[in-house]
Amino acid sequence: GQQVMQIPQYQHVQEGEDFTTYCNSSTTLSNIQWYKQRPGGHPVFLIQLVKSGEVKKQKRLTFQFGEAKKNSSLHITATQTTDVGTYFCAGPGDMRFGAGTRLTVKP
Amino acid sequence: DVKVTQSSRYLVKRTGEKVFLECVQDMDHENMFWYRQDPGLGLRLIYFSYDVKMKEKGDIPEGYSVSREKKERFSLILESASTNQTSMYLCASTRGLAGGVNEQFFGPGTRLTVL
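Taken in sequence, the protein lines are chains A and B.
Numbering-wise, the first sequence is residues 1 to 107 according to this note's numbering.
Numbering-wise, the second sequence is residues 1001 to 1115 according to this note's numbering.
I should point out that these hints are in silico values taken from the structure, not numbers from a laboratory.
Where a beta carbon is used, it is the ideal one built from N, C-alpha and C, also for glycine.
Don't take every hint at face value.
[Said to hold, decoys possible] Straight-line distance between alpha carbons at most 27 Å, and here's what the computed BS3-like set of lysine-lysine pairs gives:
hint, chain 1, residue 1, chain 2, residue 2
1, A, 69, A, 56
2, A, 70, B, 1053
3, B, 1003, A, 36
4, B, 1018, B, 1057
5, B, 1057, B, 1071
6, A, 106, A, 59
7, B, 1070, B, 1018
8, B, 1003, B, 1055
9, A, 36, B, 1057
10, A, 69, B, 1071
11, B, 1070, B, 1057
12, B, 1070, B, 1053
[To be verified] Across the chosen pairs, the derived CB separations fall in these ranges:
hint, chain 1, residue 1, chain 2, residue 2, range
13, B, 1084, A, 3, 29 to 39 Å
14, A, 51, B, 1072, 26 to 36 Å
15, A, 60, B, 1067, 41 to 51 Å
16, B, 1013, A, 16, 43 to 53 Å
17, B, 1072, A, 16, 41 to 51 Å
18, A, 17, B, 1007, 19 to 29 Å
19, B, 1015, A, 60, 27 to 37 Å
20, A, 38, B, 1084, 40 to 50 Å
21, A, 55, B, 1012, 38 to 48 Å
[Stated by the list, open to error] Just a few of them, taken from the derived set where beta-carbon distance is under 8 Å, the chain A residues facing chain B:
hint, residue
22, 22
23, 42
24, 43
25, 45
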């Protein structure tokens, strides 16, 4: 399977600050997916990126897929307490997940 | 709505017991997956299946086996439970469309404690 590495492992921000998590692969990915897991919950699909250089937005969330299709990022603008959770990226096919970035937000 | 259900939310077993974790999905999905989730380690793939009676090893299959006799059901079996298998177990399924968006739908998880 195509392994993906994710950083940082943890991120603590003040409410209103921005947040970014990064996902990297040593091989080219046909696509990449992002998931969010709220505390006590299960991962929920956010988005799938397919095209080189693709940028997609969901309200305050911006997802990018690198030109070489080996890296991706999720950026949250002006974090809110509802953004708390762990964000995972996942490679295609047999769905290997990154280790996740756990976001905590101080009100 | 797609629904993935798991047989138990919480389970406590003793070392050496045989443990069955059941997962059922109701959307006729081709692919099903079993993960375990541990703090700091993310989601680690144990086994997956692309079709009935088919199974593939993930990254950490040791100590586990699986069964997929029907399309909607994917069972994870711990042949002889050990304390290091104490974890949260998550089942997921996808449609498996080539070229499509293969969103994974997760069950609520089973928190297994092995004493």
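Beta-carbon spacing of residue 1015 of chain B to residue 60 of chain A - inside the hinted bounds 27 to 37 Å or not:
Hint violated: Cβ distance 47 Å, outside 27 to 37 Å.
Measure nothing beyond the straight line between the CA atoms of residue 69 of chain A and residue 56 of chain A; if it is 27 Å or shorter, mark the hint as holding.
Distance of about 15 Å is within 27 Å: holds.
May I ask you to test the hint 41 to 51 Å on the CB atoms belonging to residue 60 of chain A and residue 1067 of chain B?
Given a distance of about 43 Å, which is inside 41 to 51 Å, the answer is holds.
Residue 51 of chain A and residue 1072 of chain B, beta-carbon distance inside 26 to 36 Å?
With Cβ atoms ~33 Å apart, the hint holds.
Take the C-alpha atoms of residue 1003 of chain B and residue 1055 of chain B, compute the straight-line distance between them, and say whether it is at most 27 Å.
Within the cut-off at roughly 22 Å; holds.
Hinted contact residue 42 of chain A with chain B - closest CB pair below 8 Å:
holds (4 Å)
Supplied distance hint 41 to 51 Å, evaluated on CB atoms of residue 1072 of chain B and residue 16 of chain A
This hint holds: roughly 45 Å between Cβ atoms.
For residue 38 of chain A and residue 1084 of chain B, compare the CB-CB distance with the range 40 to 50 Å and indicate the outcome.
violated (27 Å)
Run the distance test for residue 70 of chain A versus residue 1053 of chain B: straight-line Cα separation, threshold 27 Å.
violated (33 Å)
Does the hinted range 43 to 53 Å hold for residue 1013 of chain B and residue 16 of chain A at CB?
Taking Cβ atoms as reference, residue 1013 of chain B and residue 16 of chain A lie about 46 Å apart, which means the hint holds.
For the pair we were handed, residue 1003 of chain B and residue 36 of chain A, check the Cα-Cα distance against 27 Å.
holds (18 Å)
When you take the CB atoms of residue 17 of chain A and residue 1007 of chain B, is the distance between them in 19 to 29 Å?
Violated: the Cβ-Cβ distance is about 41 Å, outside 19 to 29 Å.
In this structure, the hints that do not hold are numbers 2, 10, 13, 18, 19, 20, 22, in rising order.
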